[in-house]
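Protein chains in written order, with my numbering: chain F, 1 to 261; chain V, 1 to 259.
In short, the hints are calculated from the structure, not lab data. Note that the structure is a prediction, hence the values are computed from the model and not measured. By construction, the Cβ of each residue, glycine as well, lies at the ideal position given by its N, Cα and C atoms. Hints are not guaranteed to be accurate.
Derived, one-sided and incomplete: chain V residues facing chain F with beta-carbon distance under 8 angstroms [unchecked claim]: (1) D6; (2) L9; (3) L12; (4) L15; (5) L18; (6) R94; (7) I113; (8) L114; (9) G228.
Listed next, the stretches of chain F that the computed footprint assigns to chain V, with coverage defined by at least 3 CB atoms under 8 angstroms from CB atoms of chain V [to be verified]: (10) 5–12; (11) 95–104.
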Amino acid sequence: MSAERRTRWLGLGLEVTVPVLVLVIWGLASANSDTYYFPPLTDILSTFADTWLFERVGSDVVPSLVRMGLGYAIAVVVAIALGMLFGLSRRARIAAAPIVEFLRAIPPPALLPFAILVIGVGSSMKVFIIAFVCIWPILLNTIDGVRGIDPTLDDTTRVYGVSRRDRVWRVMLPAASPQIFAGMRTSLSLALILMVISEMVASTNGIGYFVLQSQRTFAISEMWSGILLLGILGYVLNGVFVLIERRVLRWHRGARASALG
Amino acid sequence: MRRIPDRALPWLSVLGVLALFELLPRIGVLPSDHFPPISETLSTLFDQLGESRFWEAVGNTLEGWALGLGIAAGLAIPIGIVIGSSRLLYRATRGVIEFLRPIPSVALIPLAILIYGTGLQSKVFLAAFASFWQVLVATLYGVQDVDPVATDTARSFGFSRPQRLLRVTLPSAIPYIATGVRIASAVSLILTVTAELVIGAAGLGRSINLARSGGNEELMYALILATGVLGLLLNAVFQRVERRVLHWHPSQRTARAAA
Numbered sequence: 001m002s003a004e005r006r007t008r009w010l011g012l013g014l015e016v017t018v019p020v021l022v023l024v025i026w027g028l029a030s031a032n033s034d035t036y037y038f039p040p041l042t043d044i045l046s047t048f049a050d051t052w053l054f055e056r057v058g059s060d061v062v063p064s065l066v067r068m069g070l071g072y073a074i075a076v077v078v079a080i081a082l083g084m085l086f087g088l089s090r091r092a093r094i095a096a097a098p099i100v101e102f103l104r105a106i107p108p109p110a111l112l113p114f115a116i117l118v119i120g121v122g123s124s125m126k127v128f129i130i131a132f133v134c135i136w137p138i139l140l141n142t143i144d145g146v147r148g149i150d151p152t153l154d155d156t157t158r159v160y161g162v163s164r165r166d167r168v169w170r171v172m173l174p175a176a177s178p179q180i181f182a183g184m185r186t187s188l189s190l191a192l193i194l195m196v197i198s199e200m201v202a203s204t205n206g207i208g209y210f211v212l213q214s215q216r217t218f219a220i221s222e223m224w225s226g227i228l229l230l231g232i233l234g235y236v237l238n239g240v241f242v243l244i245e246r247r248v249l250r251w252h253r254g255a256r257a258s259a260l261g
Numbered sequence: 001m002r003r004i005p006d007r008a009l010p011w012l013s014v015l016g017v018l019a020l021f022e023l024l025p026r027i028g029v030l031p032s033d034h035f036p037p038i039s040e041t042l043s044t045l046f047d048q049l050g051e052s053r054f055w056e057a058v059g060n061t062l063e064g065w066a067l068g069l070g071i072a073a074g075l076a077i078p079i080g081i082v083i084g085s086s087r088l089l090y091r092a093t094r095g096v097i098e099f100l101r102p103i104p105s106v107a108l109i110p111l112a113i114l115i116y117g118t119g120l121q122s123k124v125f126l127a128a129f130a131s132f133w134q135v136l137v138a139t140l141y142g143v144q145d146v147d148p149v150a151t152d153t154a155r156s157f158g159f160s161r162p163q164r165l166l167r168v169t170l171p172s173a174i175p176y177i178a179t180g181v182r183i184a185s186a187v188s189l190i191l192t193v194t195a196e197l198v199i200g201a202a203g204l205g206r207s208i209n210l211a212r213s214g215g216n217e218e219l220m221y222a223l224i225l226a227t228g229v230l231g232l233l234l235n236a237v238f239q240r241v242e243r244r245v246l247h248w249h250p251s252q253r254t255a256r257a258a259a
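Make the full structure from the sequences, and use the hints.
Have a look at this one:
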């Protein structure tokens with residue numbers, strides 16, 4: 001018992017101290033760094049404070065986040081709607097399968113030149129490419145979720161004369177939501193990646209643009225501060241998403257836990 | 001009206017989409033300077049199949065993909081097994097892994113250019129970095145999901161630690177690892193194409209961008225189609241290998257029974 005407890009505390013201690021230790025080592029190892037590409041951590045952090053708190057928030061961070069949020073939101077709505085349709089109709093699903101499979105297999109950046117050609121280099125191009133790429137994981141998960149609904153549940157609602165609209169909104173959507181959330185989580189990281197790439201390829205502002213531009217002008221500390229910001233952004237977005245998912249799917253986790261006894 | 005048989009549905013829908021992209025540009029609903037009729041795109045693609053430059057680009061892309069995936073798997077599987085089989089090591093590294101994993105790998109593009117230049121090395125670095133996390137996390141899950149009864153049984157029968165690793169842990173983790181590698185393969189291809197597009201390393205991504213800036217729309221669409229086919233093929237190959245190698249595993253057996 002006490003040995004087990006000791007291991008548990010040791011584990012917790014390690015979980016907290018190791019990341020801190022990594023940062024400290026990075027800081028110490030780079031403190032007197034003359035290497036041009038790896039400036040001291042303290043330099044990066046002070047540049048970070050100068051650049052991102054809050055000088056460039058309005059000019060770069062906000063436009064980036066707006067593009068990403070819009071693209072992601074469009075993808076969520078379209079994918080869930082299509083996913084319900086394909087999940088409910090077997091024939092629609094069979095007919096759409098080859099097209100979905102092919103569009104999904106195209107590596108997303110390969111579509112960027114197409115989007116630039118057709119839509120131009122503005123914000124709508126970025127929103128389009130983000131939405132287009134984020135659709136697939138959500139769509140496929142929604143289809144799986146709807147197909148996996150307990151047939152008894154479906155039959156029961158039918159027998160009780162629940163209208164089609166209510167069945168979709170109150171039975172199918174909630175029942176498929178754990179899977180939908182899994183797809184949305186995958187898509188969230190895709191949205192961030194596509195935001196960065198699309199801004200690197202063609203943009204005049206945004207975080208991706210800033211990072212690449214800093215590298216091209218050899219503003220190395222600025223470049224590192226941008227990379228750091230993107231890392232933090234990825235981490236925070238993921239964390240916020242997990243919190244929301246936990247809250248929305250509380251009933252699901254509860255049902256699972258009680259079913260498992 | 002007779003019902004269309006299910007088997008014909010996928011063919012019909014593909015034909016329908018092709019017909020749509022043939023007709024809409026011709027009658028002017030889609031601007032034909034941005035959307036050449038699909039027949040022209042397909043014939044360009046067909047011509048490309050005889051061009052050595054096309055195959056060179058495909059080869060360059062595949063080279064970046066394979067090296068990136070290979071390096072990622074070669075590092076992530078051993079590291080994942082070591083970390084996953086020790087509780088303390090897992091907890092110690094979890095925070096670092098959870099922080100590094102969601103970092104969009106494309107954020108490292110400028111760093112890759114600085115350190116490795118604009119050639120193959122940059123491409124491989126980015127592809128390997130992004131794929132590494134997929135394989136690592138899958139391996140960690142796999143190792144931790146080993147049935148404790150199996151481990152305990154092996155232990156009580158006097159299996160040594162390396163033996164247990166080889167005969168119990170690895171076989172039961174392999175399906176997870178295989179799935180991780182398959183996803184990592186797609187990720188590696190995405191990052192390879194991204195690097196070609198953004199950095200300008202030789203390969204399909206750069207060719208697509210050059211075709212666009214050169215105003216050669218048919219070629220651009222043909223190359224995008226080719227990239228999609230490449231993605232499909234790689235995925236199909238992995239699924240087939242997975243099925244063959246893991247034919248003994250329940251997940252594959254049920255999958256086959258269902259199909």
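Structure-based check of all given hints:
no.	hint	verdict
1	D6	6 angstroms, holds
2	L9	4 angstroms, holds
3	L12	7 angstroms, holds
4	L15	11 angstroms, violated
5	L18	10 angstroms, violated
6	R94	6 angstroms, holds
7	I113	6 angstroms, holds
8	L114	5 angstroms, holds
9	G228	4 angstroms, holds
10	5–12	holds (count 4)
11	95–104	holds (count 8)
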